[in-house]
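Trainee: Here's the letter readout for the chains.
Protein chains: 2
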Amino acid sequence: MAGAKTTEESIIQWIQRHAPQRPESSVRLGIGDDCAIIRPPSEAFEMVVTTDQVIENKHFLRDSHPAGALGRKLLARGLSDLAAMGAAPAWMLLSLGLPDWARGDWLEQFLSEMFDSIRALDPGGELVLAGGDLSAAERFTGHITACGTVPRGRALQRAGGRIGDRIYVSGALGGSALGLQRLLAGGVADETDPAVDRHLRPTPLLALGSALREAGVSAAIDLSDGLSSDLGRLAKASGLQAVVDAGDVPLFPGASRQQALHGGEEYELLFTAPAGLALPERLAGSDIRPIGELRAGEGVVLREQGRETPLAEAGFDHFRSANSSS
Amino acid sequence: MAGAKTTEESIIQWIQRHAPQRPESSVRLGIGDDCAIIRPPSEAFEMVVTTDQVIENKHFLRDSHPAGALGRKLLARGLSDLAAMGAAPAWMLLSLGLPDWARGDWLEQFLSEMFDSIRALDPGGELVLAGGDLSAAERFTGHITACGTVPRGRALQRAGGRIGDRIYVSGALGGSALGLQRLLAGGVADETDPAVDRHLRPTPLLALGSALREAGVSAAIDLSDGLSSDLGRLAKASGLQAVVDAGDVPLFPGASRQQALHGGEEYELLFTAPAGLALPERLAGSDIRPIGELRAGEGVVLREQGRETPLAEAGFDHFRSANSSS
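Sequence lines, in order, name chains P and E. First residue of the first sequence: 1, per the numbering used here; consecutive thereafter. First residue of the second sequence: 327, per the numbering used here; consecutive thereafter.
Note that these hints are calculated values from the structure, not bench results. Hints may contain errors.
[Said to hold, decoys possible] Per the computed footprint, the stretches of chain E lying under chain P, defined by three or more beta-carbons under 8 angstroms from a beta-carbon of chain P, are:
(1) 416-423
(2) 455-461
(3) 477-489
(4) 522-535
All C-beta atoms in this analysis are idealised placements derived from N, C-alpha and C, irrespective of residue type, glycine included.
Could you build all of it, start to finish, from the sequences and the hints given here?
Mentor: Right, dumping it as structure tokens:
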């Protein structure tokens with residue numbers, strides 16, 4: 001996308017040429033009309049839909065976040081919600097609000113890494129960019145709407161936890177918060193630093209979400225706002241209290257416990273399963289680890305050496321913090 | 327929504343209390359999980375999806391556009407695309423980027439008028455707010471994703487026009503551009519001025535879109551960017567040239583011909599039908615009027631007293647103009 005070719009029409013044409021093509025998909029009519037036309041799945045399936053946004057100076061800073069990483073992250077935010085429901089991706093819509101500086105090369109990098117990420121995450125080729133909207137803007141905004149399919153009645157919900165269920169988390173926590181801290185510490189971002197990479201380029205765990213659904217877990221949520229916040233949401237939706245064994249929370253190398261308990265943008269999956277359900281230590285490429293259990297009550301409690309203390313939500317609330325990234 | 331109650335959680339709770347409730351809808355699980363869960367329509371139907379945005383200082387100015395009108399307009403932008411496909415609304419997602427000033431009363435007015443508009447447009451009660459996303463932002467942004475259903479294979483597309491088809495438009499044109507001109511002329515907006523009202527509070531023509539589909543029209547588009555632009559899109563998608571009889575373009579009272587030919591945000595429907603198809607002069611509450619025809623060639627031509635001149639697209643391109651409203 002040359003700097004000069006930045007009319008609305010030329011951007012749409014560039015997207016049509018470069019977005020992954022899936023001729024046999026659920027999208028019967030894609031980019032270029034008032035609406036996209038979607039074939040519904042068979043009645044054996046339901047659809048799940050989600051929408052997410054990245055906004056300049058709230059979710060990212062232009063100087064510290066590379067354009068390509070941001071395109072990948074916006075995609076990951078949407079697809080991670082599908083993963084948390086145990087769904088397979090089907091189609092997405094993408095809307096952009098573009099300042100002058102974000103057209104041309106910046107936009108090409110943003111979109112190219114997003115499209116490459118789609119090809120890598122979805123080699124079977126179901127996920128289609130079906131449409132979107134472009135506008136000028138004073139601050140960059142990116143919006144994704146993502147739709148997936150899941151066998152009817154089988155979507156993983158936050159509300160499915162039962163008394164006695166074990167709480168599990170995938171991966172290791174705190175890396176994204178650590179990476180953000182290093183990124184904002186100034187200087188040029190070291191993208192070879194694993195923590196910085198984890199913050200900049202999260203991977204939505206689609207295969208893990210489907211595997212967990214098939215394994216029969218009871219509830220799930222993705223870790224977007226931090227363990228303390230997101231586990232609080234799962235516990236509240238299930239009408240129960242979550243107890244976390246502090247020593248069992250897996251730490252990303254170099255991350256502090258505070259970063260692991262409260263740091264956002266992990267995009268790992270947090271889920272619960274009946275105590276009798278045997279789960280492997282590794283599933284669909286991710287380590288999974290028990291960190292506590294659900295019991296009667298409310299809120300989240302941290303248990304350490306026999307002592308229990310309430311774990312206040314200190315994860316990201318979009319209106320509590322007005323700082324850069326969540 | 328009191329000024330103090332503006333945490334993310336309190337806004338979501340306010341929305342859950344005030345959004346129209348449709349217990350028997352296509353939405354099996356709405357606001358409050360990682361995704362909404364949607365029941366697919368039967369295989370006799372397809373779905374159509376669209377996404378639209380309003381961005382501060384691009385689509386509106388805080389000082390001249392009332393919050394309630396803006397909420398209604400964002401809804402209209404999404405639903406008008408469904409109308410142009412001949413679809414019935416099913417569900418929507420709403421994402422907001424909120425500066426400090428936009429929380430509290432402003433947001434309550436924005437949402438209240440949107441929700442009232444849903445109740446008025448959809449008395450049968452199919453359209454459900456299924457979810458969304460909230461974030462802080464330096465400039466207000468609102469995003470809607472709207473999904474509708476249409477009998478399989480019957481969605482109206484831009485590409486359906488055939489040689490000899492008549493071109494029709496609903497309503498009268500230029501009112502929105504005239505209203506915007508008056509709105510920006512300074513002073514307090516006179517919301518009793520019909521042109522100002524038309525600019526601020528457009529109505530998506532859902533019943534007309536369905537009636538046109540049932541009547542057998544060949545192609546349709548909604549007038550969001552202006553007749554010259556949108557007719558150019560329909561003609562291009564159909565691989566034909568559009569000829570417009572200048573004297574037949576219906577003018578909104580007080581609007582200039584330039585405003586009628588190029589002004590955006592009308593949200594009227596522009597459509598084509600075989601010359602042999604008898605259409606009434608009034609349908610689903612809208613006047614409909616023939617303004618020209620499709621023939622071999624490309625582009626849009628204005629015909630007046632036997633002379634033909636190319637009608638250049640002068641409607642809204644989001645990157646040609648950086649000014650306030652489209």
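Trainee: Each hint: holds or not?
Mentor: Cross-check of the supplied hints:
1. Counting residues of the region 416-423 of chain E whose CB lies closer than 8 angstroms to any CB of chain P gives 4, which reaches the minimum of 3, so the coverage claim holds.
2. A count of 6 residues in the region 455-461 of chain E with a Cβ less than 8 angstroms from any Cβ of chain P is obtained; the coverage claim is therefore met, three being the minimum.
3. Residue count for the region 477-489 of chain E with a Cβ under 8 angstroms from a Cβ of chain P: 4. That meets the three needed, and the coverage hint holds.
4. Requiring three or more residues with a Cβ within less than 8 angstroms of a Cβ of chain P, the coverage given for the region 522-535 of chain E is violated, as only 0 such residues are present.
Of the numbered hints stated above, the single one contradicted by the structure is hint 4.
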